[in-house]
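Peer 1: This is what each chain is made of:
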Amino acid sequence: MRRVGILVAAVLFLGACGGAGGTGGTTNGAPKTGGTLKVAQETEINSLDPNTSGLVVEREIYYNMYDSLLGIDAKLNFVPELATRWTYTDDRTLVLTLRKDVKFQDGTDFNADAVKFNLERYMTSTDPAAARKSDLASVQSVEVQDPATAVLHLKRPDATLLAALVDRAGMILSPTAIKQLGANLAQTPTGAGSGPFEFVEWKRDDHLTLKRNANYWRKDRAGHALPYLDQLVYRPITDLNATLASLKTSDVDMARVVAGKDVDAVKADPNLVYRNTPSLGYGGFYLNRSAPPFNDPAKAKAVALAVDRAQILKNVLFNVGVVSYGPITAASWAFDPAEKIYDKPDPEKAKATATGFSFTLKTANTQDQIQIGQLIQAQLAKAGITVNLLPEDFGKLTLETRVQHQFQASLAGWSGRIDPDGNMYAFFHTGGSFNDGLYSNPQVDQLLEQGRATTDQAKRKPLYQEAQRIIVGDAAYVFTTDPATPQITSRKVQGFTLIPDGINRLAEVWKS
Amino acid sequence: MLEYIVRRLGLMVPTAFLVTVGVFLLIHLTPGDPATVILAESYTPEAAAQIHKDLGLDRPLPQQYALYLGRLLHGDLGRSVRNKLPVTQAIGERFPATLELGIAALLWSLLIAIPMGTLAALRRGRVLDVVASGLTVAGISVPNFVVGIMLILFFGLVLRVLPVGGFTALTESVPDNLSRLVMPAIALGTFGAASNMRFTRSSMIEVLNQDYIRTARAKGAGWWRVVNRHALKNALIPVVTIVGLQVGGILEGALVTETVFSWPGVGKLAVESIFAKDFPVVQGIVLMAALSFMLANLLVDLVYAWLDPRISYS
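Top to bottom, those sequences are chains A and B. Take 1 as the starting number for the first sequence in the working numbering and just add one per residue. Take 1 as the starting number for the second sequence in the working numbering and just add one per residue.
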């Protein structure tokens, strides 16, 4: 899955465009039932088990097959899904009131026992690829109070837990199916979900088919059964040119990524609709604060001052996305539009801060990443800073950056999380698991810890905004550009709502 | 003859052994770590260490190789790092698609090459020969992915007569299968068509200048009979060598062609596995490619004997 990296990079840097296109659903007349929607995916999936999932393309399928405890809307507000209410009775007790009318596709009942079974499976899995443990690290135990009430007892206050329950850590599958399928759950999860579509078949590298769940619990506003579509067919198309060709010839109806250079052509195509919304992720580069030259804070600041973010956006990314001002993007409730530290490049001020040094910038060896590196090289030269570019294999780059911290600067973006904590804590808290630059600031640590322990969103917002001001000001990471979450569909696709997490929920989508 | 075949098959064992050593070393010496790829954004040093342990990557290289070879002798190629499926299953699932594409590409190359090469030889120096030679140079020089993209542009996007990619199983729909097969088969087979045409032409010219052809003509044999029965069969011997090499090399071209056309075969699997550092799958595919190369060579030698009775194996 170096592809994951390329994908993340592609989504981050070639993602989509600010400007035209809305996020709202498009609707022409009354929804029509039936039909097959063909969706292109950027890579093949590995697993259909949320417990071992690490790919965006997998989440895309899960959200249409499995239900989560909580949902989110286009503004990232939590909305009811399997849980109708969620209440903190104190800062370590989360009470979930569950729906009583939900059945899994295998005919068994959804209830608090299923919630307990699933969350415990995620928390105690011994599979080396198990990826949900950290999402639920704050959960001490799950208690079944009655069939419609599950209580999560926490080890410590955790304001990020609700966001985790929207994603894979909150997906509840049929315990009966999990037990019966065993290891096959990851390959053929027949009947395991309660979502709008159910699993039919997966021909690896070719297609994955889901069909309508006739007993799906959710109805549309007029009271009609959802979903509208009969069938979803996902096709992995790894070549972006092939994706575009397939869209143009109606071989697929929907895709998430096209090459940045093709965005204008897609927008001009009368048969295609290009939408985008600010994404949760950001792009830029780490500076290693534990070694020269960036153990000198002035040198880090000089780099941040000299970078021309708008030029990167325009020249390499075809204006797809926006200039980045920090880890909290425009999609987040914690976003602060007034914070624009390092807005315009200022090579003179950079020179006055620190100049005459050199460093090596490592990048993935993909064209866009190398181009961004070259631009940064030229921009910093104006401030008397010499950049040596070193493109590397993505696996090697990750190893050297994340594990060994053997780098001076490393270009690597982040796909983003719903809660601001997911974009900051692991990256900028002392000793954080993604703190590749080994940045450490006690003030930031304290703010991020407070943010985690506070459940009131209004009180959390200023904490994260203050932390962001310090992080950006310190040049803990040089933020360059935020991608946008794009979606390209055929004009026939109706009722589609684009959500900033980039995952397409297709229950209410229909084809005209 | 049988003894010869057995001896040749026996000789394949040490060759295959050397291939396993080469592949094993190559893939383990390339930079990068499967754990970074498996864990992606959920990477932690502890989880990576666990994966290294599970995959046996924490052991010394010779020990890893010995374990690999031991399992291989029991027919166990290991399991995919990506989705934990047995490598034999991963390859087996994709093999039919690649086999179909390979056969179609080979047919395309021969259907073009033999008649065109023969005609070019018979019309040496005339317009047809010049045109054929020009096409040959173009066919050899243009990489198969460029041919593929051009085909997609023209037949897929401009004329819209053929689907731009994807695959439908023969068992599901024969017309849909064939319509999706046409462009990748042409893209994959064009290089072979060009080089085979070149060999057919030069070999045919050589044969047509032989004394026995003149004798046959002098004895009053018809022109068509001379070309078809006397000349072509003998002229095809060097072509068979080249075709044999192409059969072994189909997988190489399939790497790119299958990716361009989203054709779910072994070539696409190889590309994705390389990107994913899925080393058991890459090892399995390279081993399979090496074996098919060796088998193709053996077949070529056997076909020689059938084409030219002067060659005999004992």
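Simulated from the structure, these hints should not be mistaken for laboratory data. Some hints here could point you the wrong way.
Which chain A residues stay away from chain B? Per the calculated CB distances, all over 12 Å, these [to be verified]: (1) THR126; (2) PRO128; (3) PRO157; (4) ALA186; (5) ASP264; (6) PRO292; (7) ALA310; (8) VAL323; (9) GLU392; (10) LYS396; (11) ALA426; (12) THR455.
Footprint (simulated), chain B over chain A, 3 or more residues, beta carbon under 8 Å [claimed, not checked]: (13) 273 to 287; (14) 343 to 357; (15) 367 to 375; (16) 437 to 449.
Quick partial rundown of chain A residues pointing at chain B, CB under 8 Å, derived from the structure [to be verified]: (17) GLY54; (18) SER125; (19) ALA129; (20) ASP206; (21) ALA245; (22) LYS248; (23) THR249; (24) ASP251; (25) ASP393; (26) GLY395; (27) SER433.
Even for Gly, the Cβ is constructed at its ideal location relative to N, Cα and C.
Peer 1: Indicate, hint by hint, whether the structure satisfies it.
Peer 2: Going through the hints against the structure:
| no. | hint | result |
| --- | --- | --- |
| 1 | THR126 | violated, 9 Å |
| 2 | PRO128 | violated, 4 Å |
| 3 | PRO157 | holds, 23 Å |
| 4 | ALA186 | violated, 7 Å |
| 5 | ASP264 | holds, 17 Å |
| 6 | PRO292 | holds, 24 Å |
| 7 | ALA310 | holds, 28 Å |
| 8 | VAL323 | holds, 24 Å |
| 9 | GLU392 | violated, 8 Å |
| 10 | LYS396 | violated, 4 Å |
| 11 | ALA426 | violated, 10 Å |
| 12 | THR455 | holds, 25 Å |
| 13 | 273 to 287 | violated (count 0) |
| 14 | 343 to 357 | violated (count 0) |
| 15 | 367 to 375 | violated (count 0) |
| 16 | 437 to 449 | violated (count 0) |
| 17 | GLY54 | holds, 4 Å |
| 18 | SER125 | violated, 12 Å |
| 19 | ALA129 | holds, 6 Å |
| 20 | ASP206 | holds, 4 Å |
| 21 | ALA245 | holds, 4 Å |
| 22 | LYS248 | holds, 6 Å |
| 23 | THR249 | holds, 5 Å |
| 24 | ASP251 | holds, 6 Å |
| 25 | ASP393 | holds, 5 Å |
| 26 | GLY395 | holds, 3 Å |
| 27 | SER433 | holds, 5 Å |
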